[in-house]
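Colleague: From first to last, the protein sequence lines are chains A and B.
Residues in the first sequence are numbered consecutively from 1, following this note's numbering.
Residues in the second sequence are numbered consecutively from 174, following this note's numbering.
Simulated from the structure, these hints should not be mistaken for laboratory data.
Where a beta carbon is used, it is the ideal one built from N, C-alpha and C, also for glycine.
Treat each hint with caution, since some may be false.
[As the list claims (entries may be wrong)] If you want the footprint, here are the derived chain A segments under chain B, 3+ residues with CB under 8 Å: (1) 23-32; (2) 50-58; (3) 73-82.
[Said to hold, decoys possible] Here are the simulated DSSO-like pairs of lysine-lysine, each with C-alpha atoms no more than 27 Å apart in a straight line: (4) A:Lys129 x B:Lys261; (5) A:Lys129 x A:Lys152; (6) A:Lys129 x B:Lys363.
[As the list claims (entries may be wrong)] Here are the simulated distance ranges between beta carbons: (7) A:Gly93 x B:His214: 40 to 46 Å; (8) B:Ala465 x A:Gly80: 51 to 57 Å; (9) B:Ala326 x A:Arg138: 31 to 37 Å; (10) B:Ala191 x A:Asp134: 42 to 48 Å; (11) A:Ala130 x B:Ala195: 46 to 52 Å; (12) A:Val24 x B:Glu314: 39 to 45 Å; (13) B:Trp414 x A:Gly106: 46 to 52 Å; (14) B:Met174 x A:Ala90: 27 to 33 Å; (15) B:Met174 x A:Arg138: 30 to 36 Å; (16) B:His443 x A:Ala90: 49 to 55 Å; (17) B:Glu350 x A:Glu135: 25 to 31 Å; (18) B:His443 x A:Gly93: 55 to 61 Å.
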Amino acid sequence: MLTKNAAGVKARKRLCMTVNGRAVEIEIDIRESLLDVLRDRLQFTGVKQGCSVGECGACTVLLDGIPVNSCIYLAAWAHGKTVVTIEGLAQDGKLTPVQEAFVDEGAIQCGFCTPGVVLSTTAMVDSGKAFTHDEVRRELSGHLCRCTGYQKIVDAAERALREAEISADEHPV
Amino acid sequence: MFDICELCEPETLAEAKAIFRANPELKVIAGGTDVLIRMQHGSLAGAGLLSLRNIPHLDEIQLLADGTISVGAMAPFTRIFEHELIRKHVPVLGEASVSMGGPQVRNVATIGGNLCNGAVSADSASTLFALDALLKLETAEGERIIPMRDFYAGPGKVNLLPGELLVAILIPREGYEGMGGHYIKFAPRKAMDIATLGVAVVCKIRENRFVELRIGLGVAAPVPVRCFEAEAYAKGREVTWECVQEIARLALKPAKARSSWRASKEYREHLIEVLAQRAVAEAVKRGGGCCAD
Chain A
1 MLTKNAAGVK ARKRLCMTVN GRAVEIEIDI RESLLDVLRD RLQFTGVKQG
51 CSVGECGACT VLLDGIPVNS CIYLAAWAHG KTVVTIEGLA QDGKLTPVQE
101 AFVDEGAIQC GFCTPGVVLS TTAMVDSGKA FTHDEVRREL SGHLCRCTGY
151 QKIVDAAERA LREAEISADE HPV
Chain B
174 MFDICELCEP ETLAEAKAIF RANPELKVIA GGTDVLIRMQ HGSLAGAGLL
224 SLRNIPHLDE IQLLADGTIS VGAMAPFTRI FEHELIRKHV PVLGEASVSM
274 GGPQVRNVAT IGGNLCNGAV SADSASTLFA LDALLKLETA EGERIIPMRD
324 FYAGPGKVNL LPGELLVAIL IPREGYEGMG GHYIKFAPRK AMDIATLGVA
374 VVCKIRENRF VELRIGLGVA APVPVRCFEA EAYAKGREVT WECVQEIARL
424 ALKPAKARSS WRASKEYREH LIEVLAQRAV AEAVKRGGGC CAD
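Only chain A is shown next, with the shape it has when bound in the complex (with noise of 0.2 Å):
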């Protein structure tokens, strides 16, 4: 339960968890964020670094299909839980019908938010709720765009609740 730290001696931990579906086991310090482990140890490098203080949303994963900051989140506290990061969206080369709303409405400037904000939109698509185009900007709202593409980012998020809809309705579950 007390995983000390005294005397010079690193805290270790031994994290079980699943990214991108695949089953991890590592052993990693106490002190290191769920952001660290992915991009330093894992090298998911398509989570982003960028206040490192949850303001611009660039390091977001899903953490049991929710969007969280993973700068400011333990990676001692992932132990048990799935993890979803960009890559593990498109399968085989076949970008997810997310990814592919943001290439049809080209929301994508210099690319450094485009992970987080990608995996927000999944995370709405998959909660299978429907949404106001307030609730998508609200929804949104955690991601910094400094390219200030926001336009075409909340665009690309209407196409793919849309799209995501309407094939719900032809392919009822």
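Guided by the hints, dock chain B onto chain A, whose structure is given.
Modeller: Just chain B now, with coordinates in the frame of chain A:
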């Protein structure tokens, strides 16, 4: 990497209280969206953390037998905003919850952490003041239940004893039943911002008269405050626009606004009056009254 010297992750509340009694110097961490940011900024360097994240049931939102709504201290803001009980009985708390931070922060940040942080700008605090909420605090020795307004001791300071944990926020039936409510957060940005001023209002209206009115202000003084003069004035009065204007003027009484880089004292006082008017008018409407002149 965060400058953490140890991380305690108890699996039960009893274990957490025992560890905290033995190590009262530990810094309690709930969602981490404030504590870890402070660590990034260099304060809390070398702190030992007591994480409450592995303790089950501490995030539950329940309707107790006596009508009290209990919100577990570890309930994240998204859960509060989306929860059926909150939507049905205390929508004003949902309104405040969804105004805090951005989605990724609200998915992790907890209401208990928001309160224990002691920030006067905490969106949940002014609302819980207006709702006459109580706090359930526990140590290894026992528990106590205190009113919200006895909790705040000063900017960033709350009345927690050594080894004491906030376990739940209790909203008594009288606090919410039959009440119309509204929360206005005023900030330069619509999202991801800290309130320049927060006004929470709940009121009970019968035959277009105020049966009860409660107003909580955030960032109007060093700690969140209630507007008792305004509330007393409203009691029993007919709802008119003049009455609402007078209530808003009286809402300034407990304010001790100060100038900071966010806003000047004068601007904050202006905001208190204008936003109190708007918040009362909307709460009245939601409570079934009408104050159109």
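Colleague: Now tell me, hint by hint, if it's right for this structure.
Modeller: We went through each hint and held it up to the structure:
Coverage of the stretch 23-32 of chain A by chain B holds in this model, with 4 residues showing a Cβ closer than 8 Å to a Cβ of that chain against a need of three. Residues of the stretch 50-58 of chain A lying with their CB closer than 8 Å to a CB of chain B number 5, which satisfies the three-residue condition for coverage. Given a C-beta distance limit of less than 8 Å, the hint that chain B covers the stretch 73-82 of chain A holds, as 4 residues qualify and 3 suffice. With a C-alpha separation of about 19 Å, the suggested pairing of lysine 129 of chain A with lysine 261 of chain B holds against the 27 Å cut-off.
Distance check on the hinted pair: lysine 129 of chain A and lysine 152 of chain A sit about 21 Å apart at the alpha-carbon level, within 27 Å; holds. Restraint check for lysine 129 of chain A and lysine 363 of chain B: the C-alpha separation of about 23 Å stays at or below 27 Å, so the hint holds. A beta carbon spacing of about 42 Å between glycine 93 of chain A and histidine 214 of chain B agrees with the range 40 to 46 Å that was offered as a hint. Remark: the range hint 51 to 57 Å for alanine 465 of chain B to glycine 80 of chain A is upheld by a beta-carbon distance near 56 Å.
At roughly 34 Å, the beta carbons of alanine 326 of chain B and arginine 138 of chain A sit within the given window of 31 to 37 Å. The hint said 42 to 48 Å for the Cβ distance between alanine 191 of chain B and aspartate 134 of chain A, and at roughly 47 Å that hint holds. For the pair alanine 130 of chain A and alanine 195 of chain B, the beta carbons lie near 50 Å from each other, so the given range of 46 to 52 Å is met. The given range of 39 to 45 Å is respected by valine 24 of chain A and glutamate 314 of chain B, whose C-beta atoms sit roughly 42 Å from each other.
Against the hinted window of 46 to 52 Å, the Cβ-Cβ separation of tryptophan 414 of chain B and glycine 106 of chain A comes to about 50 Å, which satisfies the hint. Between methionine 174 of chain B and alanine 90 of chain A the Cβ separation comes to about 31 Å, which falls inside the hinted range of 27 to 33 Å. Separation of methionine 174 of chain B from arginine 138 of chain A is about 32 Å and conforms to the stated range, judged on CB atoms against 30 to 36 Å. Distance hint check: the CB atoms of histidine 443 of chain B and alanine 90 of chain A are about 53 Å apart, consistent with the given range 49 to 55 Å.
Taking 25 to 31 Å as the suggested C-beta distance range, the pair glutamate 350 of chain B and glutamate 135 of chain A conforms, at roughly 29 Å. Checked against the given bound of 55 to 61 Å, the beta carbons of histidine 443 of chain B and glycine 93 of chain A, roughly 58 Å apart, stay inside it.
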